[in-house]
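Numbering (this note's numbering), first residue to last: 1 to 216.
Where hints are given, some of them may not hold.
[Unchecked claim] Restraint-style ranges between C-beta atoms, simulated for each label pair: (1) Asn56 / Phe179: 18 to 24 Å; (2) Gly165 / Ala44: 45 to 51 Å; (3) Thr125 / Asn56: 46 to 52 Å; (4) Pro197 / Ala19: 31 to 37 Å; (5) Pro197 / Glu151: 19 to 25 Å.
By construction, these hints were calculated from the structure, which means they are not laboratory data.
All C-beta atoms in this analysis are idealised placements derived from N, C-alpha and C, irrespective of residue type, glycine included.
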Amino acid sequence: MNKTAAIVAAVALAGAANATVITSYTLFQEPGNQVSTPATTSAANVSGLDMARSANLNPTAAGNSISASGWTPDSNSYFSFGFSVDAGFVVNLDELIIATRSSNTGPGDLGLFYSGDNFSTNLFTFTQTGTAFLNSTIDLSALTNLDGTVEFRISPISNRAANDGTLSSGGTFRISEFFDGTDFFPVQFTGVVIPAPASAALLGLAGLVAVRRRRG
Numbered sequence: 001m002n003k004t005a006a007i008v009a010a011v012a013l014a015g016a017a018n019a020t021v022i023t024s025y026t027l028f029q030e031p032g033n034q035v036s037t038p039a040t041t042s043a044a045n046v047s048g049l050d051m052a053r054s055a056n057l058n059p060t061a062a063g064n065s066i067s068a069s070g071w072t073p074d075s076n077s078y079f080s081f082g083f084s085v086d087a088g089f090v091v092n093l094d095e096l097i098i099a100t101r102s103s104n105t106g107p108g109d110l111g112l113f114y115s116g117d118n119f120s121t122n123l124f125t126f127t128q129t130g131t132a133f134l135n136s137t138i139d140l141s142a143l144t145n146l147d148g149t150v151e152f153r154i155s156p157i158s159n160r161a162a163n164d165g166t167l168s169s170g171g172t173f174r175i176s177e178f179f180d181g182t183d184f185f186p187v188q189f190t191g192v193v194i195p196a197p198a199s200a201a202l203l204g205l206a207g208l209v210a211v212r213r214r215r216g
């Protein structure tokens with residue numbers, strides 16, 4: 001391994017050991033039928049996207065959430081959220097921490113998709129049972145070197161309703177804050193932001209040049 005490659009690897013490993021909040025969404029005191037919810041916090045060199053619903057969904061009131069009805073079992077009905085990464089940096093994700101809930105006739109099975117593969121691969125399945133809240137900590141560590149705009153979507157993947165009947169257009173689904181039994185936590189992506197490999201290599205070369213000049 002040459003010196004530049006070693007520096008790039010060292011930067012990546014240093015970041016991997018220090019996962020932090022990439023972007024988060026506070027849904028406490030939101031009415032549920034708001035047009036969208038802006039990101040509350042974002043890491044340096046990251047900007048959070050608004051959490052919003054697709055145009056074909058209907059806003060519905062549900063405290064401390066963003067909620068909708070009009071769900072259909074296809075990719076045209078979804079909640080979207082995510083982040084944009086500044087040029088020269090990439091994000092390596094760790095987890096998505098989130099809570100979800102359906103009404104009895106709302107979606108029973110939903111998938112998590114992302115823009116990196118044009119929303120084609122289901123990264124995680126939300127299995128809603130009745131009206132119970134589902135608290136999920138989702139492993140996204142396979143998603144690395146994310147740059148530009150990274151959008152995630154949650155959309156139904158079957159016609160099953162949460163009560164095991166058939167999904168109804170009047171049924172609702174909401175995103176809420178994660179509850180660990182004691183405290184509520186904003187919806188959040190965790191991971192690390194590091195210089196992009198090309199940028200890290202340039203930084204490494206600059207450092208080597210500086211060292212050589214000092215030695216000279």
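Checked hints:
1. Under the hint 18 to 24 Å, the C-beta atoms of asparagine 56 and phenylalanine 179, about 30 Å apart, miss the expected range.
2. Restraint check, glycine 165 to alanine 44: a C-beta distance of roughly 47 Å satisfies the suggested window 45 to 51 Å.
3. For the pair threonine 125 and asparagine 56, the beta carbons lie near 22 Å from each other, so the given range of 46 to 52 Å is not met.
4. Range check, proline 197 to alanine 19: Cβ separation about 19 Å, and the 31 to 37 Å hint is violated.
5. At about 23 Å, the CB distance of proline 197 to glutamate 151 agrees with the hint of 19 to 25 Å.
In summary, the numbered hints that this structure violates are 1, 3 and 4.
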